[in-house]
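The primary structure of each chain is shown beneath.
Number of protein chains: 2
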Amino acid sequence: MKLNILGCYAATPRSFTNPSSQVLEINNNLFLIDCGEGTQVQLRKNKIKFSRIKHVFISHLHGDHCYGLVGLISTFRLLNRETELHVYGPKGIKEIITLQLRLSNSWTNYPLYFHELTSKEPQLLYENEKVSVETIPLDHRIYTNGFLFKEKQGDRKLLVNKALEYNIDVSLYNSLKKGKDVTSETGELIPNELVTTAPVAPKSYAYCSDTAFYPKMIPQIKDATVLYHESTFLEDRANLAAPTKHSTAKQAATIAREADVKKLILGHYSTRYTNINLFKEEACSIFPEVELADDGKVFHFE
Amino acid sequence: MKLNILGCYAATPRSFTNPSSQVLEINNNLFLIDCGEGTQVQLRKNKIKFSRIKHVFISHLHGDHCYGLVGLISTFRLLNRETELHVYGPKGIKEIITLQLRLSNSWTNYPLYFHELTSKEPQLLYENEKVSVETIPLDHRIYTNGFLFKEKQGDRKLLVNKALEYNIDVSLYNSLKKGKDVTSETGELIPNELVTTAPVAPKSYAYCSDTAFYPKMIPQIKDATVLYHESTFLEDRANLAAPTKHSTAKQAATIAREADVKKLILGHYSTRYTNINLFKEEACSIFPEVELADDGKVFHFE
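Residue numbers (the working numbering), protein chains in the order written: chain A, 300 to 601; chain B, 300 to 601.
Be careful, since some hints might not be right.
Note that the list lumps identical chains together, so a pair holds whenever it fits in one copy or between two copies.
[As the list claims (entries may be wrong)] No farther apart than 25 Å at their CA atoms in a straight line, the calculated lysine to any residue pairs in the SDA-like style are these:
no., residue 1, residue 2
1, K393, Y442
2, K596, N574
3, K353, S314
4, K393, F413
5, K561, G486
6, K544, L400
7, K561, D593
8, K544, N379
9, K346, N574
10, K390, S405
11, K544, E426
12, K393, G486
It should be emphasised that the hints constitute simulated quantities derived from the structure, not laboratory data.
Bound conformation, chain A alone (with noise of 0.2 Å):
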């Protein structure tokens, strides 16, 4: 599992830094979370290959968040896209790109599904054998959901020195991986323990941006891998939190450690800080676990 930040600062691009937008690969998928005006410039800086994308997750229609999209959209056509291209946003995010591609009569030459979302309520948006995809409601200004990405559990581990001491048929193996006790060749119980290990523990990665402090969330990210939650402000601006419907990066790492991640990354940090270390000296006195996204930071989930 791997995360690839290509912006995480709230409000306008600057010079210098990026709209909320980042990459998770995950079991071969890679899943594009949110698409701030700039993102198809660093999706090129941080070299990734456009035609992975498949999933574009949109978080809420606030700029930052989404302005890049039609730009994102008219790029995969200018570059003969073939394959297919997901959108998944709140309602209103299907009507904002075909107007767009309709007045400038740039439809897409590749096939485009807008799933657009309007629940409330926990939502699967997306499965396959390996990993699944489901939205985090949130509490911002406007209709807003985060992402959480869910690996399966995997096959149990086969130790095949230990089948092939118990005499067990090849046949076989598919079953042990799965869980089943069987039968060996001399016709003895085998039960599955003995030659199997237990699988991987499945991974998990939860996007929490934007929202305010909202515990509620707790019980649908408890014993993530990884949490990113926004951390709008430091306790300086703590006051500006609950009216913008933003948190602070104290109440980010409550989150963390009441849900029991085994990570919390901060980001969409307010453009009016020149020292975003602040943000994990405020969350570590929480919850020690911290890390901080940075434009262009990748990190590796092993």
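With chain A's structure known, arrange chain B on it following the hints.
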């Protein structure tokens, strides 16, 4: 008259090139012409004062000319702009912007006026005491206008020493500047040309992008000080120009020559070319006064 090129490459923004946008400073007016994705960052990089921009002219609704507008309008709001902003562009531009502002619940806190264009004839868009702006109808795949920015004829230059010599009362100086003959304090009729010289010739700037080879524009841009004309292709791909309704460098130079402009600036290069000097070479074979636009380049026209 000063021209700041923010972006001048066709199609899709890249790590090192930007789509169409430029700022024309003329008689203390700052006009933004086209606004591709990333324009607000280019404005910052080029240290242009956001608040001085009061008029934005959008040639057409292809993404590389307008996808940066909604972000710029939103950023103006975040910067607490109070000055009014006028946007001139094809019909549809208002719907594109207002839909996105409505869905993000982010209305502007400054007066925002849209002037939607549908006419296929030249049209006066704006004028004050010093300058005027009119459309230049172009021939592209969708409805497109260039823009002609013209200084107005200024006052005649008063030769103060001469006026004193002829005993002309100070109260008549303004009449002299306006070209009138006056009577001296000794009752003598003083012909204007004895105490004034001709005003500085007014300058003009014609922006023509995107367009096929379109000689119909020539009478309107006749004798312009500067013509910016798109040149998407070199001769090697002249066959692509007509079907895509773009121009070659030679076609741009032909327009410049026929219109007797003082200087031609080429831009809107297809991103397939790595050496833009070839555009100048080809154009110069037809018209000598050629300059190449490039991102971040500033032209001063004295």
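Hint by hint, here is what the structure shows:
Taking the closest pair of Cα atoms, K393 and Y442 come within 25 Å of each other both inside a single copy (15 Å) and across two copies (24 Å). For a Cα distance limit of 25 Å, the shortest separation of K596 from N574 inside one copy, 16 Å, qualifies, whereas the shortest one across copies, 32 Å, does not. Taking the closest pair of Cα atoms, K353 and S314 come within 25 Å of each other only across two copies (22 Å); inside a single copy the shortest separation is 29 Å, beyond that limit. When the C-alpha separation of K393 and F413 is checked against a cutoff of 25 Å, the pair qualifies both within a copy, at 6 Å, and between copies, at 24 Å.
In this assembly of identical chains, K561 and G486 lie within 25 Å of each other by CA distance neither inside one copy nor across copies; the values are 45 Å within and 97 Å between. When the C-alpha separation of K544 and L400 is checked against a cutoff of 25 Å, the pair qualifies only between copies, where the shortest distance is 18 Å, while the shortest distance within a copy is 32 Å. Only within a single protomer do K561 and D593 lie at most 25 Å apart by alpha-carbon distance; the minimum there is 19 Å, versus 48 Å between protomers. For the identical chains of this complex, K544 and N379 are inter-copy neighbours only, at 19 Å across copies versus 40 Å inside a copy, given an alpha-carbon limit of 25 Å.
Taking the shortest Cα distances, K346 and N574 sit within 25 Å of each other only across copies (23 Å), while inside one copy they are farther apart (27 Å). For the homomeric pair K390 and S405, the shortest alpha-carbon distances inside one copy (22 Å) and between copies (16 Å) are both at most 25 Å. Neither within a single protomer nor between protomers do K544 and E426 lie at most 25 Å apart by alpha-carbon distance, with minima of 30 Å and 44 Å respectively. Neither within a single protomer nor between protomers do K393 and G486 lie at most 25 Å apart by alpha-carbon distance, with minima of 61 Å and 78 Å respectively.
Figure legend: structure checked against the earlier numbered hints; hints not met, in rising order: 5, 11, 12.
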